[in-house]
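Asks: Since the structure of chain A is already known, use the hints to place chain B on it.
In order, the protein sequence lines correspond to chains A and B. If you read the first sequence in my numbering, its first letter stands for residue 1, the second for the next number, and so on. If you read the second sequence in my numbering, its first letter stands for residue 1, the second for the next number, and so on.
Note that these hints are calculated values from the structure, not bench results. Hints are supplied without guarantee of correctness; some may be wrong.
As the list claims (entries may be wrong) - Some chain A residues judged to face chain B by a derived CB distance under 8 Å, without partners named: (1) Ala66; (2) Arg156; (3) Val172.
Please read all numbers here as calculations on a predicted model, not as lab measurements. Think of the CB as a built atom: it goes at the ideal place given N, C-alpha and C, for glycine as much as any other residue.
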Amino acid sequence: MNTIALNVNRRALEALAEPRTSLADFVRDKLDLTGTHLGCEHGVCGACTVLLDGVPARSCITYAAACEGADITTIEGLDEDEVTVELRAAFTREHALQCGYCTPGMLVSARDLVLRLPDADERRIRVGLSGNLCRCTGYVGIVRAVQSVIEARRARNIAPQADGGRTSLGPVGSGRAALGSNEQPPRPARQEFAPASDGVAPGVIPDFIPATVLEQRFTLPHAPAKVFAMFDDIAGIAACLPGVSLTAPPSPERVEGAIRVRLGPIAAAFEGAARVERDPATLSGRIIGIGTDRRSHSATQGEIRYRLVPLDGGAATTVELSIGYTLTGMLAQIGRPGLVRDLARRLVAEFAGNLDRHMSGASPRETTPAELSFWSIVSGVVRARIARFFGRGDEPG
Amino acid sequence: MKPAPFGYERPRDLNSALSMLAAAGGSAKVIAGGQSLGPMLNLRLVQPELVVDISGLAELKQAELRDGELVLGALVTHADIEDGRTADVTRGAMRGVAANIAYRAVRNRGTIGGSLSHADPAADWISALAALGARVALRSLAGARVMAIEAFVVGALESALHAGEIVEAVHVPPRPVSAHWGYAKSCRKTGEFAHAIGAVLVDPARASARVVIGAIDTVPIVLTDAAELFGGRVAADYKQRFDARVADALLAKAGISDAAERHIHVSVLKRAVHEAAA
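Chain A on its own, in the form it takes in the complex:
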């Protein structure tokens, strides 16, 4: 808990909050200012929009601790605000709300448009309101209300202010905190998750139908029989897989281990077990795994099918991989399959390079700190569904 001092609706105040407390939760839970609404909690819906140093900001993805010293105005602080008074009347007149959930954020964004837009251009108003979702009205009344207020004010010769009155650079709300120390911070006390070696590996590894399947292939300058023999060396293969470690000596049919994957700042470590099947007649095989990431409470099932195809009259081999996975839990919220494809491509390239070096007698290259891991048991993981959250768009550009 930290003491956070800031100005809310022109009142200086202090309250205790954890660093992870959003500005929205801070004003709602600590100050009882429940007019600020939370919808999506990841910056998409706009219900939580408040004024931070006089201009709109998302209070759900702005942490209260980052606003030390800042001026916050919530919908409660706009009761007497001249523009908001006009907007309220216009919203009433145009029937610009029904359930009212989006209205506090909508009014904050609308006020900003009234101040900044030169005229009541419908397209610009719609674009300007695109970050505030309303599920009731279809926006027609809201747009009309905003148009009418802009028209009325420009008719009264009130000039627009394109920059919303802001003069300083940097994120709004930042820069007025008492500056911290330059000492090393104490290591945050954080709950450590027990090593997952006990009882984590499932006894039975079931078949499943993967939610996502990717095809990858690469070639190796070695004969298919030699590559197939290599695929039987579980420990050797594991050493070639970036991010993979074994937690128990493998048998020909079963392997227990962990895979670490990273996609940008998203990191996961899945521990589990896999079943290994091979068919010498067709030079093909299958590895079916199941694992859990304790930190994110996510679970994955993955399957790698491989088939070796002779190339150049049997002097070289094409390795055809089919990687399938299903992901559940926290990490399943990721919904940008394309980003995961890019990760898988990099991982497979690294795996292929390591495999070639291994078969040529060299040791696998030290894995980069990026911990790229191919095992799509995992990589799939990440690939799975960033979309839901990424898919929308409070990107920083």
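Replies: Just chain B now, kept in the frame of chain A:
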């Protein structure tokens, strides 16, 4: 939808921030405006032990002309650029890009350095700044280095940043008076992440063109000499000479196997070329 607990530090200057990052050894995340990291923290996709908030560092809020280049501190926001609070050596190109990033409430906090560090292929600056020929300045306790934007982004959400290193500034070269600029993107919903980005800087007077095809789920395609897209030479009639087949082949080579997807990218690029020629 609440983040897992994390430690929080607000360093007093850049050196303290770098020391904290170095000491944390990879378990810390830098936060600036938080418009990308915030959602990921809330969704618990990211669970750092320590968050180092650099948003108060005045050193990173500078914007100045230096040796003819515009040097933007990492904490300059999209809205700062949109509103013209920083000088614009690109004759409106950067202002136009900034004004169409996400939503105003996001632009008021989201920073140019944060966006680059996040290296999301669908974000605007990694494509726009690559087309403009900008460079990024990185700093760690070990020192500083500068690299081209196109070298900085190495994969989806992967940048060239080392552990303990942060983006300090962006260096933007002036856009010559004779250089045309075009920028187009396709979003299903206004403000959403782009599904295709085309950025072109064409200078018929110097027979040069830089072209970026972005938002392709991996490192953008950056052509520093894009004559091949215009039948082998860049001249005043480049709009007519634009060869969609070459763009399509580049996308296929970059691994975009879906013809419909390539069509969208080519169409958006064509829109950017037309805008430049308009």
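Asks: Indicate, hint by hint, whether the structure satisfies it.
Replies: Results for each hint:
1. Ala66: With a minimum Cβ separation of about 5 Å from chain B (threshold 8 Å), the hint on A:Ala66 holds.
2. Arg156: violated (24 Å)
3. Val172: holds (5 Å)
The structure fails to meet hint 2 from the earlier list, while all remaining hints are met.
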